[in-house]
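There are 2 protein chains.
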Amino acid sequence: MEREGDMKIGTYAYDEFIEKVKEFHGSIAPGIVAGGVMVDIAKANLPEGEFFDVICESQHCLPDAVQLLTPCTIGNRWLKIAETSRYALTFYNKYTGEGIRVYLDAKKLGDWPAISAWFLKEKPKKEQSLDRILDEFCRARTAIYGTEKVTVKPSFIASPEKKHSAIGLCPCCGEAFRTSLGERCPACQGRGPYG
Amino acid sequence: MEREGDMKIGTYAYDEFIEKVKEFHGSIAPGIVAGGVMVDIAKANLPEGEFFDVICESQHCLPDAVQLLTPCTIGNRWLKIAETSRYALTFYNKYTGEGIRVYLDAKKLGDWPAISAWFLKEKPKKEQSLDRILDEFCRARTAIYGTEKVTVKPSFIASPEKKHSAIGLCPCCGEAFRTSLGERCPACQGRGPYG
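Here the protein sequences come in this chain order: A and B.
Per the numbering used here, the first sequence starts with residue 9, numbered consecutively.
Per the numbering used here, the second sequence starts with residue 9, numbered consecutively.
Chain A on its own, in the form it takes in the complex (with noise of 0.2 angstroms):
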């Protein structure tokens, strides 16, 4: 098996990086590990030395190979979700909005038929080997993503109203909110997440 050797992820061997995942994630699952690589390719391709912001495209997993191998995670707010569905993740400047995004390329998985079978979820879940998987996804490295410079929407990047919107009482629930919502907080307008 490919993925005992030399493979690295971030700064973690192979092996190291599953342990991590177990522990944070709470199980193995094949998106972290394309994830990582996938951090890795973002990080080789950023101007050296430069802070970033990053953005994920999806929920699933990908967030959580952020927040274990660099410092953004979505509670400090240097890691954000834009939920597009698609497995892809975005490193940026904050201040330019520049940024080089990396994503799991569906037509680069002829070779791969266990990733491809997992990725386009071809069969059912409890068909497929996760051995069988993870051996493919070290085996195939990088060779099964791709990479784009991107400029992010002005939403993404940092200004100075933002840090200093002021906080006050919302007159219907009586909790704290940024005011600048609204007259009443977003859970109020019938924005909240309470049936």
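In short, the hints are calculated from the structure, not lab data.
There may be inaccurate statements among the hints.
As the list makes no split between identical chains, a pair holds if one copy fits it or if it spans any two.
As the list claims (entries may be wrong) - Here are the simulated lysine-lysine pairs, DSS-like style, with alpha carbons at most 25 angstroms apart: (1) Lys-133 x Lys-88; (2) Lys-51 x Lys-115; (3) Lys-129 x Lys-30; (4) Lys-88 x Lys-30; (5) Lys-161 x Lys-88; (6) Lys-51 x Lys-30.
No experiment lies behind these values; they were computed from the predicted model shown.
Position chain B against the provided structure of chain A, taking the given hints into account.
Chain B only, in chain A's frame:
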């Protein structure tokens, strides 16, 4: 300082939790200490042994407390963000949708000037003292939070259909996406993060 005493957050001693926060979140944010106490309150109010999913109503800090103290992460999707800008989290049963919501209650901050100044942004950040805020959080313990029973909207409840949505290639960008989202992927419908 009370916080050097016997305070625990989750299974961590206070200082140990602060170390974990530094390592994962990158800095000691008061919001994560609050979040840690909120996680403990939510757990204490759940039926014992029950599995739960979590919603954070703010992406500021709170999700990192959840990721440090529970098995729920953004990438395993047991943690979800439903941004209302309120400082609240909900632990809920993903099959019934019933849960407990915990929020930082602005009306209970009368005795806690440093927390109040931080939470309601009453003073510029540089005029605030992190030590004083943390000291007040430790002394306030659970006294500044509120709880309520809630039922989450159906979109947060587990359903077999969601799990089995088919994957296809977008005719526009060629990338894989969940075809239940439309004929093209959400990015090619104009809802992507790029300009």
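To see whether the hints hold, each was checked on the structure:
no.: 1; hint: Lys-133 x Lys-88; result: between (28 angstroms within a copy, 24 angstroms between copies)
no.: 2; hint: Lys-51 x Lys-115; result: within (23 angstroms within a copy, 45 angstroms between copies)
no.: 3; hint: Lys-129 x Lys-30; result: within (23 angstroms within a copy, 39 angstroms between copies)
no.: 4; hint: Lys-88 x Lys-30; result: both (23 angstroms within a copy, 20 angstroms between copies)
no.: 5; hint: Lys-161 x Lys-88; result: both (13 angstroms within a copy, 23 angstroms between copies)
no.: 6; hint: Lys-51 x Lys-30; result: both (23 angstroms within a copy, 23 angstroms between copies)
Going through the hint list in order, the structure satisfies each hint without exception.
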